[in-house]
Amino acid sequence: MDFRDTPEEKSFRAELREWIGRHAPREPIPVDADERAAFLNDWHRELHRAGYIGLSFPQDCGGHGKLEIYEAILNDELGAAEAPPGPPIAHIANAIRIFGSDAQRRRHLPTLLSGEVRWCQGFSEPGAGSDLASLSTRATREADGGYRVNGQKIWTSEAIWSDWCMLLAREPGSVGQKGISVLLVPLATPGVDARPIVTASGSREFAEVFFDDARVAAESLLGTAGQGWEIAMALLAYERGPADMGWVARMGSTLQRLQGLLSEDPNVDPWLRIELARAHVALRALQIQVQRSLSARLDGSRPGPEGSVDKLLMTRVDQRIHGLMMDVLGAPPLLEEGRELDLYFWSRAQSIFGGTQQIQRDIVAQRVLGLPRVRRAPSAAKPGK
Amino acid sequence: MDARLSEEQELLRATAEQVARKLGSGSPEALDSEDSFDLGWAELAEIGLLGMRLPESAGGMPTTGVEVALVCAELGRFLVPLPFLGSAVCASEMLRATGAERELLGRLASGTLRLAPVLDPRLARLAHVGEPGVAWDASGATAGLAVDETGRGLVCLELGERQRAVDLTRAFHFVAPDAPRHDVGDLGGSLDGESLQRIEALAMTSLSADLLGIMEGALEESVAHVTQREQFGMPVGAFQAVQHLAAEAKVSLEATRSCLWYAAWAVDQLSPEDALLAARTAKACAAVESRSVTETALQMHGGVGFTWEYMTHVRVRRALLSQQSFGDERAQLGLIAESRLSPTLRRNSHETLRS
Numbered sequence: 003m004d005f006r007d008t009p010e011e012k013s014f015r016a017e018l019r020e021w022i023g024r025h026a027p028r029e030p031i032p033v034d035a036d037e038r039a040a041f042l043n044d045w046h047r048e049l050h051r052a053g054y055i056g057l058s059f060p061q062d063c064g065g066h067g068k069l070e071i072y073e074a075i076l077n078d079e080l081g082a083a084e085a086p087p088g089p090p091i092a093h094i095a096n097a098i099r100i101f102g103s104d105a106q107r108r109r110h111l112p113t114l115l116s117g118e119v120r121w122c123q124g125f126s127e128p129g130a131g132s133d134l135a136s137l138s139t140r141a142t143r144e145a146d147g148g149y150r151v152n153g154q155k156i157w158t159s160e161a162i163w164s165d166w167c168m169l170l171a172r173e174p175g176s177v178g179q180k181g182i183s184v185l186l187v188p189l190a191t192p193g194v195d196a197r198p199i200v201t202a203s204g205s206r207e208f209a210e211v212f213f214d215d216a217r218v219a220a221e222s223l224l225g226t227a228g229q230g231w232e233i234a235m236a237l238l239a240y241e242r243g244p245a246d247m248g249w250v251a252r253m254g255s256t257l258q259r260l261q262g263l264l265s266e267d268p269n270v271d272p273w274l275r276i277e278l279a280r281a282h283v284a285l286r287a288l289q290i291q292v293q294r295s296l297s298a299r300l301d302g303s304r305p306g307p308e309g310s311v312d313k314l315l316m317t318r319v320d321q322r323i324h325g326l327m328m329d330v331l332g333a334p335p336l337l338e339e340g341r342e343l344d345l346y347f348w349s350r351a352q353s354i355f356g357g358t359q360q361i362q363r364d365i366v367a368q369r370v371l372g373l374p375r376v377r378r379a380p381s382a383a384k385p386g387k
Numbered sequence: 017m018d019a020r021l022s023e024e025q026e027l028l029r030a031t032a033e034q035v036a037r038k039l040g041s042g043s044p045e046a047l048d049s050e051d052s053f054d055l056g057w058a059e060l061a062e063i064g065l066l067g068m069r070l071p072e073s074a075g076g077m078p079t080t081g082v083e084v085a086l087v088c089a090e091l092g093r094f095l096v097p098l099p100f101l102g103s104a105v106c107a108s109e110m111l112r113a114t115g116a117e118r119e120l121l122g123r124l125a126s127g128t129l130r131l132a133p134v135l136d137p138r139l140a141r142l143a144h145v146g147e148p149g150v151a152w153d154a155s156g157a158t159a160g161l162a163v164d165e166t167g168r169g170l171v172c173l174e175l176g177e178r179q180r181a182v183d184l185t186r187a188f189h190f191v192a193p194d195a196p197r198h199d200v201g202d203l204g205g206s207l208d209g210e211s212l213q214r215i216e217a218l219a220m221t222s223l224s225a226d227l228l229g230i231m232e233g234a235l236e237e238s239v240a241h242v243t244q245r246e247q248f249g250m251p252v253g254a255f256q257a258v259q260h261l262a263a264e265a266k267v268s269l270e271a272t273r274s275c276l277w278y279a280a281w282a283v284d285q286l287s288p289e290d291a292l293l294a295a296r297t298a299k300a301c302a303a304v305e306s307r308s309v310t311e312t313a314l315q316m317h318g319g320v321g322f323t324w325e326y327m328t329h330v331r332v333r334r335a336l337l338s339q340q341s342f343g344d345e346r347a348q349l350g351l352i353a354e355s356r357l358s359p360t361l362r363r364n365s366h367e368t369l370r371s
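Residue numbers (my numbering), protein chains in the order written: chain A, 3 to 387; chain X, 17 to 371.
Just so you know, the hints here were simulated from the structure itself, not pulled from any lab data.
Since the structure is predicted, the reported quantities are computational estimates derived from the model, not experimental observations.
Among the hints, a few may not be true.
From the derived model, a few chain X residues whose C-beta atoms are all more than 12 Å from chain A [said to hold, decoys possible]:
id : residue
1  : Ala30
2  : Pro71
3  : Gly75
4  : Arg141
5  : Thr158
6  : Val182
7  : Leu184
8  : Gly201
9  : Phe322
10 : Tyr326
11 : Leu337
Listed below are several chain A residues computed to face chain X (Cβ distance under 8 Å; list not exhaustive) [as the list claims (entries may be wrong)]:
id : residue
12 : Met3
13 : Gln261
14 : Ala279
15 : Ala287
16 : Gln291
17 : Ala298
18 : Asp364
19 : Leu371
Partner residues are not named here, just some residues of chain A that face chain X (Cβ under 7 Å, in silico) [said to hold, decoys possible]:
id : residue
20 : Asp4
21 : Glu11
22 : Ile71
23 : Ser265
24 : Leu278
25 : Ser297
26 : Val311
No residue lacks a Cβ here, since even glycine has one placed at the ideal position from N, Cα and C.
Please take these sequences and the hints and turn them into a complete structure.
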């Protein structure tokens with residue numbers, strides 16, 4: 003055990019810090035959804051040009067082949083500098099890396115990592131949220147080996163700005179976890195239509211995506227037919243990783259800002275001082291937890307059910323820090339709506355997306371602690387029409 | 017950076033687990049047996065655990081804070097009623113830092129002498145001679161160690177009557193303001209500010225480890241209980257409401273482990289201020305999370321958790337003392353706020369940046 007940076011890590015950190023100091027945008031992340039998406043994509047491309055995207059990705063996949071721990075360094079430094087977080091692409095990128103054919107990896111990974119081609123993840127449906135295995139979007143095999151896709155996805159992040167969708171769809175007539183496949187679908191395909199959902203904070207980064215007889219080529223299948231559930235679970239394990247998705251940077255950035263504000267106030271409310279310290283403790287716990295989880299992957303293993311512990315901890319910390327943010331800032335962001343409300347709502351959504359807090363607790367209880375599986379009523383899974 | 021235990025550290029943890037499982041208390045009645053107590057202490061000495069912070073010249077086997085934390089956690093997990101924290105960690109660290117005579121350190125390492133740190137009555141810090149004190153974790157201790165009149169050296173004081181403390185696995189004795197000195201040998205010279213900070217950091221880290229172990233034991237015991245206890249025709253552990261309590265307890269436990277490992281590493285590796293901040297962070301986390309996990313254990317046990325014969329209350333009792341000692345959550349948070357909000361320090365929110 004050694005929490006100290008190795009000489010390589012140390013020089014990487016120093017260069018990164020210097021680079022962030024010169025290149026991080028000085029203006030705040032825009033509130034307007036379109037402007038924000040463009041702003042974050044610019045930032046993604048700039049990080050990529052400087053060599054900070056895909057740090058732990060193999061070189062033959064367009065990455066830099068470094069140890070996973072470098073992702074934690076990137077997150078910590080972006081957060082400490084109050085810079086925008088890196089792009090949340092690790093879940094999709096890892097799914098393609100692990101399950102994709104050589105051709106798919108060569109075709110998709112370089113442009114996904116560079117930010118030139120933007121991706122979304124078509125998992126949830128109106129009838130399949132926590133119960134993802136009840137999804138009903140169906141992919142019917144055609145005579146030419148391709149697929150005809152019909153159905154509806156929801157909560158598809160960034161879909162209206164995306165070029166490609168990693169889609170979960172099932173073989174008609176199949177039920178539950180069996181018969182699900184992953185298809186890589188261009189959103190420009192005729193019959194695919196993305197419509198924005200306006201969220202509680204007025205943002206339009208989520209969408210509903212409709213598939214109406216959309217024709218998809220045979221080579222769009224990721225992995226093998228019917229492997230979709232396994233791929234989805236692997237992808238979700240990455241999506242739950244606090245460092246993989248840049249969440250730690252976001253939280254570090256907020257805490258840094260609050261600390262700055264309170265330091266300048268000579269009459270800080272004693273309760274806020276204590277709460278700030280509590281948030282510091284929580285963030286440190288999360289940062290070190292991330293280091294532990296990434297270290298556990300040094301031997302090449304993939305994230306397992308323990309990732310749900312990290313997700314639950316991340317949820318606690320996110321909600322503590324952004325709840326505290328509302329307390330520290332008080333009236334001004336209430337009288338003039340800005341990005342604070344959005345950050346606050348995001349922290350509340352943290353216990354919903356990527357698997358709800360309740361689902362994560364089920365996973366920890368049953369798969370980490372070994373408690374008996376809850377006996378459910380027979381599953382009401384809806385087979386495809 | 018590599019946050020994994022080394023193979024040697026994992027081996028030590030496994031050894032400590034084995035010993036702790038054997039020496040731990042299976043029932044509240046077993047806690048009163050003096051014979052097993054002396055045998056247990058000799059066993060810890062035998063495998064070198066009493067000299068973990070003592071130099072080889074005194075028969076010790078010096079290790080880092082990480083090894084100490086691993087052992088403390090296992091002893092806490094199995095509620096071992098031996099004064100490892102008081103004598104082998106705190107008193108030994110204090111006397112090593114002052115450069116006490118080798119013969120004295122040798123008796124600590126071999127287990128023939130036990131000493132206890134003396135804390136102020138609020139259990140917040142080391143006591144000074146002339147003020148009332150509490151000899152802390154003092155089972156079988158010959159005397160207590162307090163800070164002398166100069167504020168830099170140590171004195172050895174006679175112990176008063178044993179207190180009726182809630183912790184059934186550790187002993188606490190009054191130390192009167194005018195307690196006579198007790199001669200155990202040359203206590204060495206004076207401590208500088210840095211050594212005092214490191215002693216404090218090690219004490220808080222070890223207590224956080226003790227609390228982590230208590231949480232692990234509490235959760236293991238609770239999971240075992242709800243797996244075998246049946247109601248409504250099924251194990252109560254099959255109910256989601258119960259499972260979610262256990263899952264949150266696991267999150268609390270792992271968060272504490274994270275803070276603890278970093279603090280335990282920092283004890284010897286970072287500057288004294290950074291080691292102290294890491295230790296305060298770990299102690300704040302361990303104190304509040306162990307309170308919630310031991311309370312969850314009571315809830316998961318239902319009625320039997322409130323009976324004398326179950327060990328649940330023994331864990332709650334030990335945890336209460338460890339939470340309070342060397343500063344509870346609130347005390348740590350106040351000091352953390354001070355260091356985070358002082359203008360010169362506030363840009364450095366990550367200790368690792370400066371290492």
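Next item on the list: Would you settle whether the hint for Ser297 (chain A) is holds or violated, based on the nearest Cβ-Cβ distance to chain X being less than 7 Å?
Entry: It holds, given that the least Cβ distance between Ser297 (chain A) and chain X is near 4 Å, below 7 Å.
Margin query: Can you verify the interface hint for Gln261 (chain A): is its Cβ closer than 8 Å to any Cβ in chain X?
Written below: Given a least distance of 5 Å, the restraint on Gln261 (chain A) holds.
Notebook entry, point to check: Taking 12 Å as the cut and beta carbons as the points, is Leu337 (chain X) off the interface with chain A?
Noted result: Fine: 21 Å to the nearest Cβ keeps Leu337 (chain X) off the interface.
Item checked: Whether Tyr326 (chain X) stays farther than 12 Å from all C-beta atoms of chain A, as the label says -> Consistent with the label, Tyr326 (chain X) stays out of reach of chain A, its closest Cβ about 20 Å off (over 12 Å).
Next item on the list: Hey, is Leu184 (chain X) genuinely clear of chain A, shortest beta carbon separation above 12 Å?
Entry: About 27 Å separates Leu184 (chain X) from the closest Cβ of chain A, which puts it past 12 Å; holds.
Item checked: Per-residue hint verdict: Ile71 (chain A), partner chain X, C-beta under 7 Å -> holds, 5 Å
Notebook entry, point to check: With d taken as the least Cβ-Cβ distance between Gly201 (chain X) and chain A, does d exceed 12 Å?
Noted result: holds, 35 Å
Checklist line | Status of the hint placing Asp4 (chain A) at chain X (closest C-beta pair under 7 Å) | finding: holds, 6 Å
Margin query: Less than 8 Å between beta-carbons is the criterion; does Leu371 (chain A) satisfy it with respect to chain X?
Written below: Interface hint status for Leu371 (chain A): holds (5 Å vs cutoff 8 Å).
Note to self: Let's test the interface hint: is any C-beta of chain X closer than 7 Å to that of Leu278 (chain A)?
What the structure shows: holds, 6 Å
Item checked: Thr158 (chain X) non-interfacial with respect to chain A [C-beta, more than 12 Å] -> holds, 35 Å
Note to self: For Pro71 (chain X), is the shortest CB-to-CB distance to chain A above 12 Å, so the non-interface label stands?
What the structure shows: holds, 23 Å
In terms of the numbered hints stated before, the structure departs from none.
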